[in-house]
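2 protein chains.
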Amino acid sequence: MAALWRLSILSNGASELNDMAPRSRSPGPRAAHDSVDHTGENRVSDDEVFARIHSAIAQQQLPPGTRLREDEMRQIFGVSRARIRNVFSRLAYAGVVTLEPNRGASVTRPSVKEAREIFVARRTIEATIVAEVAQRITRKDVVRLRDHIAREVDAEARRDRAEMIRLSGEFHLLLADIAGNAVLKKFLTELVTRESLVIAAYETPGRPSCSNHEHSRILEALVLKDADKATMLMQEHLDAIVSRLDLDRNSSQSIDLATIFS
Amino acid sequence: MAALWRLSILSNGASELNDMAPRSRSPGPRAAHDSVDHTGENRVSDDEVFARIHSAIAQQQLPPGTRLREDEMRQIFGVSRARIRNVFSRLAYAGVVTLEPNRGASVTRPSVKEAREIFVARRTIEATIVAEVAQRITRKDVVRLRDHIAREVDAEARRDRAEMIRLSGEFHLLLADIAGNAVLKKFLTELVTRESLVIAAYETPGRPSCSNHEHSRILEALVLKDADKATMLMQEHLDAIVSRLDLDRNSSQSIDLATIFS
DNA sequence: ATCTCGATGATTGTCAACAATGCAAGCTCT
DNA sequence: AGAGCTTGCATTGTTGACAATCATCGAGAT
Numbered sequence: 001m002a003a004l005w006r007l008s009i010l011s012n013g014a015s016e017l018n019d020m021a022p023r024s025r026s027p028g029p030r031a032a033h034d035s036v037d038h039t040g041e042n043r044v045s046d047d048e049v050f051a052r053i054h055s056a057i058a059q060q061q062l063p064p065g066t067r068l069r070e071d072e073m074r075q076i077f078g079v080s081r082a083r084i085r086n087v088f089s090r091l092a093y094a095g096v097v098t099l100e101p102n103r104g105a106s107v108t109r110p111s112v113k114e115a116r117e118i119f120v121a122r123r124t125i126e127a128t129i130v131a132e133v134a135q136r137i138t139r140k141d142v143v144r145l146r147d148h149i150a151r152e153v154d155a156e157a158r159r160d161r162a163e164m165i166r167l168s169g170e171f172h173l174l175l176a177d178i179a180g181n182a183v184l185k186k187f188l189t190e191l192v193t194r195e196s197l198v199i200a201a202y203e204t205p206g207r208p209s210c211s212n213h214e215h216s217r218i219l220e221a222l223v224l225k226d227a228d229k230a231t232m233l234m235q236e237h238l239d240a241i242v243s244r245l246d247l248d249r250n251s252s253q254s255i256d257l258a259t260i261f262s
Numbered sequence: 001m002a003a004l005w006r007l008s009i010l011s012n013g014a015s016e017l018n019d020m021a022p023r024s025r026s027p028g029p030r031a032a033h034d035s036v037d038h039t040g041e042n043r044v045s046d047d048e049v050f051a052r053i054h055s056a057i058a059q060q061q062l063p064p065g066t067r068l069r070e071d072e073m074r075q076i077f078g079v080s081r082a083r084i085r086n087v088f089s090r091l092a093y094a095g096v097v098t099l100e101p102n103r104g105a106s107v108t109r110p111s112v113k114e115a116r117e118i119f120v121a122r123r124t125i126e127a128t129i130v131a132e133v134a135q136r137i138t139r140k141d142v143v144r145l146r147d148h149i150a151r152e153v154d155a156e157a158r159r160d161r162a163e164m165i166r167l168s169g170e171f172h173l174l175l176a177d178i179a180g181n182a183v184l185k186k187f188l189t190e191l192v193t194r195e196s197l198v199i200a201a202y203e204t205p206g207r208p209s210c211s212n213h214e215h216s217r218i219l220e221a222l223v224l225k226d227a228d229k230a231t232m233l234m235q236e237h238l239d240a241i242v243s244r245l246d247l248d249r250n251s252s253q254s255i256d257l258a259t260i261f262s
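Heads up: the sequence lines are chains A and B, in that order.
Quick note: the first sequence, position 202, residue 202 per the numbering used here, numbers continuous.
Quick note: the second sequence, position 187, residue 187 per the numbering used here, numbers continuous.
Bear in mind the hints are in silico, worked out from the structure with no lab data behind them.
All C-beta atoms, glycine included, are put in the ideal place defined by N, C-alpha and C.
Possibly wrong hints are sitting among the right ones.
Claimed, not checked - The calculated label-pair distances, taken between Cβ atoms and stated as ranges, are:
hint, chain 1, residue 1, chain 2, residue 2, range
1, A, D248, B, R139, 38 to 46 Å
2, B, V153, A, E70, 47 to 55 Å
3, B, R103, A, A150, 38 to 46 Å
4, B, R136, A, S243, 21 to 29 Å
5, B, R146, A, R69, 47 to 55 Å
6, B, D154, A, R144, 27 to 35 Å
7, B, R217, A, E70, 46 to 54 Å
8, A, V44, B, T138, 47 to 55 Å
9, A, R123, B, T204, 30 to 38 Å
10, A, G104, B, D248, 45 to 53 Å
11, B, R146, A, K225, 29 to 37 Å
12, A, T138, B, R103, 36 to 44 Å
As the list claims (entries may be wrong) - With a Cα cut of at most 25 Å, we get these calculated SDA-like pairs of lysine to any residue:
hint, chain 1, residue 1, chain 2, residue 2
13, B, K140, B, K225
14, A, K113, B, K229
15, A, K186, B, K140
16, A, K140, A, D226
17, A, K186, B, V120
18, B, K140, B, D154
19, A, K185, B, G180
20, A, K225, A, E214
21, B, K113, A, L245
22, B, K229, A, R123
23, A, K185, B, R116
24, B, K225, B, I137
25, A, K229, B, R123
26, B, K229, A, K186
27, B, K229, A, V120
28, A, K185, A, T204
29, A, K186, B, T98
30, A, K113, B, L173
31, B, K225, B, R139
32, A, K185, A, R103
33, A, K229, B, Q235
34, A, K113, A, K225
35, A, K185, B, R139
36, A, K185, B, A182
37, B, K113, A, A227
Stated by the list, open to error - Chain A regions said to be covered by chain B (calculated; three or more residues, Cβ under 8 Å):
hint, stretch
38, 86 to 100
39, 113 to 119
40, 173 to 186
Whenever a hint applies, use it, and build me the whole structure from the sequences.
In structure tokens, the structure reads:
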């Protein structure tokens, strides 16, 4: 039961409890002839379910190890088990969910090795994206990015941690959009989410993220079309994220168990 | 029914190219009741089916646009439709198969834009991999790579085109193995296959690939641990692959129809 | 007290039947 | 003949039931 409450984050943005009627909620306060739902039933596509779970993980609403039961999910999204299963399968391929035979799905708990691999991969891809953005950035893009950073500052002022995490990841995806390479964006989306899992697993408490200032500096370099500087700042930014973690302690923890009982 | 013959290449498990693990970890030591097999037949896992189709596409045995009917596949692999469907879903996420509602699955026909994005992404990732390999390559690795290139030369001497394609892609995945980054290897596996599709769609006939010599030069640089040179050679190698294609002509073809009849 | 073993409920894995959809051939009417 | 409609077939989409498996918990033995 507690688990179902926890997962209720996934249901529609409105803070409603887990609705027992899976489909066709048709919220009352809306006008009768609203433009919604012209096909009778409000069907949720598999891609939507995928995206919902994916971003919930990215925003650290589902910590590593969280079990994702098929039946719960079926109720929450109002789809059949077969489709949930399909979504899990893709999420597993994306590396954000772990499937164990006859044990079902759970949010991936990344290993230290995996964490390091993710960082390396992300550095590589972000470098290319930044270089690309420096070449093709427009005034309109600059406005969008400034606006985004303003929202980040605002979220930090309000101490809205969930929003900060969301916006922080979104900034990088925005850059990927501007770079205009869908393949790289897909990879980066996956990496951002997986890195979010790493942070959730290995973060040292109390250290502020404060990444909006770093984002701001990267943007300034991009405005000047200084690709080298922007790349360098991006690398520093990503390294700073890593430096806030403690990968060694936790890795030695698992060694402890092995050595102590030998 | 001619289509079934064409797809029958999938049934024999002759060549195991990239045996990547598309799913999550499945720790072997659970082998107590591993092959229960109450049906009397050797069950193939979803991952196997995934890998088979994936590598068949990588080896250009299934050209772009090939329809993949659920029932055919069910017969070929001896699994139920539900599982085929799951596999298709993951292949679609990997970008090598395209799913259209109520139309089913077909091998992706990459657009020119997509092709360019794939090349950029691949260049990025291969650069990181090569740099990593230059640092950590061992004598044993060198032997493996030399051996592999020897097989490439042999395949070329025998004019075994299918084998050449297979080995050529495998060389890069071998480097990814040596680099030891599973995340990057997964990305590269996907990119190699998608690039294979691009080649199948846009290749200019008659131009030999002859990549084993380029592979050889890259290896020599790696033996000397000259990361810069190896990276440069790799970039040239990848550019050479692109230069053998004709992306512009085919893109203008589709424009032709629009302009001529206007 | 702790360990082993077995029963039980919860959860996942599999499948086959049924419904919905799209495609193509044939038919009708002008 | 040709445009539009209808019908039949091939294929995909969905669902629910059933089988297999795992986790939990308690009884009994050491």
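Each hint tested on the structure:
1. Between D248/A and R139/B the CB atoms are about 30 Å apart, so this pair departs from the stated range of 38 to 46 Å.
2. Evaluation of the 47 to 55 Å hint for V153/B and E70/A yields a pass: the beta carbon distance comes to about 51 Å.
3. Distance hint check for R103/B and A150/A: the Cβ-Cβ separation is about 44 Å, which falls inside the suggested range of 38 to 46 Å.
4. Range check, R136/B to S243/A: about 23 Å between beta-carbon atoms, so the 21 to 29 Å window is met.
5. In this structure, R146/B and R69/A meet the distance hint of 47 to 55 Å, their C-beta atoms being roughly 51 Å apart.
6. Separated by about 54 Å at the C-beta atoms, D154/B and R144/A break the suggested range of 27 to 35 Å.
7. Look at R217/B against E70/A: about 52 Å separates their beta carbons, and that is inside 46 to 54 Å.
8. At roughly 51 Å, the beta-carbon separation of V44/A and T138/B lies within the given 47 to 55 Å, and the hint holds.
9. Taking the beta carbon of each, R123/A and T204/B are about 36 Å apart, inside 30 to 38 Å as hinted.
10. A hinted range of 45 to 53 Å for the beta carbons of G104/A and D248/B is consistent with their spacing of about 50 Å.
11. The hinted range of 29 to 37 Å is not satisfied by R146/B and K225/A, whose Cβ atoms lie roughly 45 Å apart.
12. A C-beta distance of roughly 37 Å is found between T138/A and R103/B, which places it inside the suggested range of 36 to 44 Å.
13. A threshold of 25 Å between alpha carbons decides the hint, and for K140/B with K225/B the separation of about 14 Å falls inside it, so the pair holds.
14. Annotation: proposed proximity of K113/A to K229/B is violated, straight-line Cα distance about 28 Å (limit 25 Å).
15. For a cut-off of 25 Å, the pair hint linking K186/A to K140/B is broken: about 35 Å separates their Cα positions.
16. Restraint check for K140/A and D226/A: satisfied, since their Cα atoms lie roughly 18 Å apart, inside the 25 Å limit.
17. For the hint pairing K186/A with V120/B, the CA-to-CA distance comes to about 14 Å; that is within 25 Å, so the pair holds.
18. Of the pairs offered as hints, the one joining K140/B and D154/B holds, with about 21 Å between alpha carbons and a cut-off of 25 Å not exceeded.
19. The straight-line distance between the Cα atoms of K185/A and G180/B is roughly 23 Å, inside the 25 Å bound, and the hint therefore holds.
20. Proximity of K225/A to E214/A is assessed by CA-CA distance (about 17 Å); at most 25 Å being required, the pair is judged to hold.
21. Distance hint between K113/B and L245/A is unfulfilled; the C-alpha atoms sit about 38 Å from each other, more than 25 Å.
22. Between K229/B and R123/A the CA atoms are separated by roughly 21 Å; this keeps the pair inside 25 Å, and the hint holds.
23. For the hint pairing K185/A with R116/B, the CA-to-CA distance comes to about 14 Å; that is within 25 Å, so the pair holds.
24. For the proposed pair K225/B and I137/B, the alpha carbon gap of about 8 Å is at most 25 Å, so the pair holds.
25. A C-alpha spacing of about 21 Å is found between K229/A and R123/B, which places the hinted pair at or below 25 Å, so the restraint holds.
26. Distance hint between K229/B and K186/A is unfulfilled; the C-alpha atoms sit about 30 Å from each other, more than 25 Å.
27. Between K229/B and V120/A, the direct Cα distance comes to roughly 21 Å. Compliance with the 25 Å bound is thereby established for this hinted pair.
28. Using a Cα cut-off of 25 Å, the hinted pair K185/A and T204/A is violated, with the two alpha carbons roughly 29 Å apart.
29. At roughly 16 Å between alpha-carbon atoms, K186/A and T98/B fall within 25 Å of each other, so this suggested pair holds.
30. Restraint check for K113/A and L173/B: satisfied, since their Cα atoms lie roughly 19 Å apart, inside the 25 Å limit.
31. A distance of roughly 12 Å separates the Cα atoms of K225/B and R139/B; the hinted pair therefore holds under the 25 Å criterion.
32. Of the supplied pair hints, the one linking K185/A and R103/A is violated, its CA atoms being roughly 32 Å apart against a limit of 25 Å.
33. Taking the CA atoms of K229/A and Q235/B, the gap is near 23 Å; set against the 25 Å cutoff, the hint holds.
34. For the suggested pair K113/A and K225/A, the alpha carbons sit about 35 Å apart, so the restraint of at most 25 Å is broken.
35. Only pairs whose Cα atoms come within 25 Å are accepted, and K185/A paired with R139/B is rejected, the gap being roughly 37 Å.
36. Distance check on the hinted pair: K185/A and A182/B sit about 19 Å apart at the alpha-carbon level, within 25 Å; holds.
37. At most 25 Å may separate the alpha-carbon atoms for a hinted pair to count; K113/B and A227/A meet this at roughly 23 Å.
38. A stretch counts as covered by a chain when three or more of its residues have a beta carbon under 8 Å from one of that chain; for the stretch 86 to 100 of chain A and chain B the count is 11, and the coverage holds.
39. As drawn, the stretch 113 to 119 of chain A meets chain B at 3 residues by the rule of a beta-carbon pair under 8 Å; at three or more, the given contact holds.
40. Evaluation of the coverage hint for the stretch 173 to 186 of chain A: fulfilled, as 5 residues show C-beta separations to chain B shorter than 8 Å, against a requirement of three.
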